[in-house]
Amino acid sequence: MTLDLYFDYVIFPILTISVILIFIRLFKGPEVVDRVIALDLIITVGTALITAYSIRSGQAIFLDVAMILALIAFLGTIAFSFYLDKKG
Amino acid sequence: MKDIFIAIFSTFGSLAILFASIGILRMPDFYLRLSVTVKAATLGVGFLLAGAAIAFPDVSVTTKAMAIAFFLVLTAPVAAHMIGRTAYHTGIRTWKGTIMDELKEKKSSDDTKKAAIKEDDKTNGLV
Chain A
92 MTLDLYFDYV IFPILTISVI LIFIRLFKGP EVVDRVIALD LIITVGTALI
142 TAYSIRSGQA IFLDVAMILA LIAFLGTIAF SFYLDKKG
Chain B
5 MKDIFIAIFS TFGSLAILFA SIGILRMPDF YLRLSVTVKA ATLGVGFLLA
55 GAAIAFPDVS VTTKAMAIAF FLVLTAPVAA HMIGRTAYHT GIRTWKGTIM
105 DELKEKKSSD DTKKAAIKED DKTNGLV
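These protein sequence lines are chains A and B, in that order.
Using the numbering used here, the first residue of the first sequence is number 92, and each one after it goes up by one.
Using the numbering used here, the first residue of the second sequence is number 5, and each one after it goes up by one.
Hints were generated in silico from the structure; no laboratory data involved.
This one's a predicted model, so the numbers in the text were calculated from it and none came from an experiment.
Keep in mind that the hints are not guaranteed to be accurate.
Said to hold, decoys possible - Below, a list of computed lysine-lysine pairs in the DSS-like style, where the Cα atoms sit at most 30 Å apart:
#	chain 1	residue 1	chain 2	residue 2
1	B	Lys43	A	Lys178
2	B	Lys108	B	Lys126
3	B	Lys110	B	Lys100
4	A	Lys177	B	Lys117
5	A	Lys119	A	Lys178
6	A	Lys119	B	Lys117
7	B	Lys43	B	Lys110
8	B	Lys126	A	Lys178
9	B	Lys6	A	Lys177
10	B	Lys100	B	Lys117
Unchecked claim - Coverage of chain A stretches by chain B, computed from C-beta distances (three or more under 8 Å per stretch; other residues unrestricted):
#	segment
11	101-109
12	116-129
13	135-141
For glycine and all other residues, C-beta sits at the position ideal for the given N, C-alpha and C.
Build out the structure end to end from the sequences listed, making use of the hints.
Printed below as a string of structure tokens:
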């Protein structure tokens, strides 16, 4: 079993199932803050997916995208909490 | 040998992320969901980035992976703290199993102290 096949049949399915489970919480979430952390976690898992795809395809340049995505997740959560705080 | 290390690291990382997603789905309370997701997801991304640092024999990639991991470790607790504080102040309740709420006790004692000061001011004729 090569590393590429291992990534295709084990790592990517596990990460995809994780995104689906978080999506269920995003739709169910009883409050707004539940949805905010679900969105934050989806972007973090997206960072992990991009990293795994970067290993799988042998293209190191994808890690730049992962870095930008991690930045945007932080800014999004901070902005959401700021405006929810203002709303009272 | 390198492939085995990459496989081990990426397996641990993806399993940590899977546990985080199960936690966010199954935990009974917003605060428990927040606490379980931030830690486990940061650990998982850190493991996957370690796998990427092993996979590419290049100093620039290792530096990039370390920068992403450092940034995640730095920002995830700050974001979690801010959203947790917002949730507490907007009145999200804890579940029935929570046995201690120190912030509430502090808030009520602050309120009684403020009321006592106001009472003092009234008796001294300052207000």
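Comparing the hints with the structure gives:
Proximity of Lys43/B to Lys178/A is assessed by CA-CA distance (about 28 Å); at most 30 Å being required, the pair is judged to hold. Proximity of Lys108/B to Lys126/B is assessed by CA-CA distance (about 27 Å); at most 30 Å being required, the pair is judged to hold. For a cut-off of 30 Å, the pair hint linking Lys110/B to Lys100/B stands: about 20 Å separates their Cα positions. Between Lys177/A and Lys117/B, the direct Cα distance comes to roughly 26 Å. Compliance with the 30 Å bound is thereby established for this hinted pair.
Only pairs whose Cα atoms come within 30 Å are accepted, and Lys119/A paired with Lys178/A is accepted, the gap being roughly 22 Å. For the hint pairing Lys119/A with Lys117/B, the CA-to-CA distance comes to about 41 Å; that exceeds 30 Å, so the pair is violated. A C-alpha spacing of about 27 Å is found between Lys43/B and Lys110/B, which places the hinted pair at or below 30 Å, so the restraint holds. With a C-alpha separation of about 34 Å, the suggested pair Lys126/B and Lys178/A falls outside the 30 Å cut-off, and the hint is violated.
Simply put, Lys6/B and Lys177/A have alpha-carbon atoms about 51 Å apart, too far for the 30 Å limit, and the pair is violated. The suggested pairing of Lys100/B with Lys117/B holds, with an alpha-carbon distance near 29 Å, which does not exceed 30 Å. Coverage of the segment 101-109 of chain A by chain B holds [criterion: at least 3 residues with CB-CB distance below 8 Å; count 6]. Only when three residues or more bring their CB closer than 8 Å to a CB of chain B does the claim for the segment 116-129 of chain A stand; here the count is 7, and the claim holds.
With 4 residues having a Cβ less than 8 Å from any Cβ of chain B, the segment 135-141 of chain A passes the three-residue criterion, so the hint holds.
In terms of the numbered hints stated before, the structure departs from hints 6, 8 and 9, listed from lowest to highest.
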